[in-house]
Structure formats: structure tokens, C-alpha cells
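Enquirer: Sequence:
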Amino acid sequence: MQHKQVLMSLIVSVLLCSCALQDDIYSLDHRLSALEKRNTELEKQNRELEETNRELSVVKDDFSKQVKRLNQTRRNDEFDLRGQYAGLAAQMDSLRKTAQLHKGQLEEIDYLLNRKLNGFEETQLNNKTRMDRLATDFASQQKRVVIVEQYLNMDGAAGKKGKN
Numbered sequence: 001m002q003h004k005q006v007l008m009s010l011i012v013s014v015l016l017c018s019c020a021l022q023d024d025i026y027s028l029d030h031r032l033s034a035l036e037k038r039n040t041e042l043e044k045q046n047r048e049l050e051e052t053n054r055e056l057s058v059v060k061d062d063f064s065k066q067v068k069r070l071n072q073t074r075r076n077d078e079f080d081l082r083g084q085y086a087g088l089a090a091q092m093d094s095l096r097k098t099a100q101l102h103k104g105q106l107e108e109i110d111y112l113l114n115r116k117l118n119g120f121e122e123t124q125l126n127n128k129t130r131m132d133r134l135a136t137d138f139a140s141q142q143k144r145v146v147i148v149e150q151y152l153n154m155d156g157a158a159g160k161k162g163k164n
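The sequence shown begins at 1 in my numbering and counts up by one.
It should be emphasised that the hints constitute simulated quantities derived from the structure, not laboratory data. One should not assume that every hint holds.
Here are the simulated DSBU-like cross-link-like pairs (lysine-lysine), alpha carbons at most 35 Å apart as the crow flies [to be verified]:
hint: 1; residue 1: K37; residue 2: K60
hint: 2; residue 1: K103; residue 2: K116
hint: 3; residue 1: K65; residue 2: K44
hint: 4; residue 1: K143; residue 2: K128
hint: 5; residue 1: K116; residue 2: K128
hint: 6; residue 1: K116; residue 2: K97
hint: 7; residue 1: K60; residue 2: K44
Since this is a predicted model, take the numbers as computed values, not measurements.
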């Protein structure tokens, strides 16, 4: 009987175990389906992320090329501007030298003009002095002529003509 009891216990245990195992299998199957579904979603997200990553990589490469082009353009523009600045600086130096040369020429012309003006003024003063002296001499000579005419008893009308 003990054998029977053990056998019965064993059969009851197996029956109880098989019920528990079926619930566990159903639960595991459900969990496995959920995991597979989640895995499928994650693979889809992974593919989308890889596609986005490739697109971003292309955009990054394009952006890098544009940055390199802009940097090259900036360097070229900077080089051109430096050349233009150097040219303008050289022109400024040339203009400064020309202005200094013209200033020197103007100062020389001013000096010569002042010298000539001073000489002209001096000549005018000398001429005025000479003219005054000649006028004085002429008046003196005219008086002498009048005196000589009076002495020689010449016509009075001639004497009056000489005074005028």
C-alpha cells in the first residue's frame, strides 16, 4: 500500500506539475512574444537610427565641405585685401612724397616771388625817389629858365609857357 501511496502521490504530483507547467509555458510564451515584438521594434528603430546616422553623416560631410570652401574663400579674400591694402599704402606713400615735393616747390616759388616782389617794390621806391628828384630838378630848372628869360628880357608869354 505504501507503494500505492507513493505511486498515487507521484501521479498527483505529475498532474499538479503539468498544470503548473502549462501556465508557466503560456506565461513564457506570452513573454517570449512580447520580447520578440519588442526586439522587432528595436531592430526597426535601429535601422531608422542607422539611416538617420547615414543622412547626418552626409549632411556633416556637406557641411564640412562648405566650411572648407568658406575658409578657403575667406583666406583668398584676406589675401586679396592684404594686397589691396599694400597697394593703397604704397599709393599713400607716393602721394605723400609728391605732396612734399609740391610743398617744397611752392615754398621755392613763394620765396622767389617774394624776392621779386621785394625787388619790384624796391625798384618802384627807387623810381619814385628818382621821379621826385627829377620833378624837383625839373622845377628847379624851370625856375632857372624863367630867371634867365627875365634876365634876357625875353617875351613874357614864353616864360608863362615854360611854367605850364
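Enquirer: Are K143 and K128 close enough, with their CA atoms no more than 35 Å apart?
Expert: It holds: about 22 Å lies between the C-alpha atoms, which stays within 35 Å.
Enquirer: Does K116 pair with K128 here, judged by a C-alpha cut-off of 35 Å?
Expert: Status holds; Cα separation ~18 Å.
Enquirer: Within a Cα-Cα threshold of 35 Å, do K103 and K116 meet the stated pairing?
Expert: 20 Å, holds
Enquirer: Given the hint that K65 pairs with K44, does the C-alpha gap stay at or below 35 Å?
Expert: 31 Å, holds
Enquirer: Sort out whether K44 lies within 35 Å of K60, counting only the CA atoms.
Expert: The given pair, whose Cα atoms are some 24 Å apart, holds under the 35 Å limit.
Enquirer: Tell me if the straight-line CA distance from K116 to K97 falls inside 35 Å.
Expert: 28 Å, holds
Enquirer: Check whether the Cα positions of K37 and K60 lie no farther apart than 35 Å.
Expert: 34 Å, holds
Of the numbered hints listed earlier, not one is contradicted by the structure.
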